[in-house]
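Undergrad: Sequence:
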Amino acid sequence: MEEALAQFLDHYQQLDRRNLHLLDAMYSPDVRFIDPAHQLEGLVALHHYFESLYDNVEAVHFRYQSSEVVGNKAWVQWTLVLCHPRLNAGHRFEFDGVSQLLFDKDGKVSLHRDYFDLGAMLYERLPLLGPLVRWVKGRLAQ
1 MEEALAQFLD
11 HYQQLDRRNL
21 HLLDAMYSPD
31 VRFIDPAHQL
41 EGLVALHHYF
51 ESLYDNVEAV
61 HFRYQSSEVV
71 GNKAWVQWTL
81 VLCHPRLNAG
91 HRFEFDGVSQ
101 LLFDKDGKVS
111 LHRDYFDLGA
121 MLYERLPLLG
131 PLVRWVKGRL
141 AQ
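With the numbering used here as the guide, the letters of the sequence shown map in order to residues 1 to 142.
Just so you know, these hints were derived from the structure itself, not from any lab.
Incorrect hints may have been included.
Unchecked claim - Simulated DEER-style distance windows between Cβ atoms:
| id | residue 1 | residue 2 | range |
| --- | --- | --- | --- |
| 1 | E2 | W135 | 39 to 45 angstroms |
| 2 | G138 | S52 | 31 to 37 angstroms |
| 3 | D117 | A89 | 17 to 23 angstroms |
| 4 | Y115 | A25 | 23 to 29 angstroms |
| 5 | A141 | H38 | 24 to 30 angstroms |
| 6 | P29 | W135 | 44 to 50 angstroms |
| 7 | R18 | V70 | 30 to 36 angstroms |
| 8 | A25 | R113 | 17 to 23 angstroms |
Even for Gly, the Cβ is constructed at its ideal location relative to N, Cα and C.
Starting from the given sequences, assemble the full structure and let the hints guide the process.
TA: So, in structure tokens, the structure goes:
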């Protein structure tokens with residue numbers, strides 16, 4: 001599965017709005033994709049999600065820190081570098097996360113679950129809500 005993971009991560013780095021056909025080589029038809037904001041079932045739903053994602057971002061790039069493969073499961077620690085016109089005043093920002101991947105017998109991902117701080121990715125980047133969220137987090141840290 002290490003080879004399947006390496007190919008998956010390589011494809012992820014290549015993804016953009018022009019080559020979403022790569023998703024077909026990466027994911028099984030019945031894939032489940034889960035993150036703090038979405039729960040998707042099936043490759044068609046995943047295609048729609050990525051179409052919407054890439055229509056709204058100006059730049060996206062992953063930096064992979066580490067990965068671990070055990071049987072047909074893998075975990076990947078990453079940093080996402082993102083530029084979105086409505087987040088962080090349109091400036092590039094980054095946040096950390098971990099992906100849990102389950103590969104099927106064909107080496108395609110049948111479960112993709114992302115873990116990340118939705119506040120760091122979204123709420124702290126919004127013009128009106130961001131300062132309040134950062135203030136609350138600061139108070140909780142004291």
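Undergrad: Take the hints in turn and mark each one as holding or not.
TA: Right, here's what the structure says about each hint:
1. For the hinted restraint 39 to 45 angstroms between E2 and W135, the CB-CB distance of approximately 44 angstroms keeps it satisfied.
2. Range check, G138 to S52: about 33 angstroms between beta-carbon atoms, so the 31 to 37 angstroms window is met.
3. D117 and A89 have their C-beta atoms about 19 angstroms apart, which keeps the hinted 17 to 23 angstroms range intact.
4. Between Y115 and A25 the Cβ separation comes to about 24 angstroms, which falls inside the hinted range of 23 to 29 angstroms.
5. Checking the proposed 24 to 30 angstroms range against A141 and H38 shows it holds: the Cβ atoms sit about 28 angstroms from each other.
6. For the pair P29 and W135, the beta carbons lie near 45 angstroms from each other, so the given range of 44 to 50 angstroms is met.
7. A beta carbon spacing of about 34 angstroms between R18 and V70 agrees with the range 30 to 36 angstroms that was offered as a hint.
8. Take A25 and R113: their Cβ atoms lie about 20 angstroms apart, and the range 17 to 23 angstroms holds.
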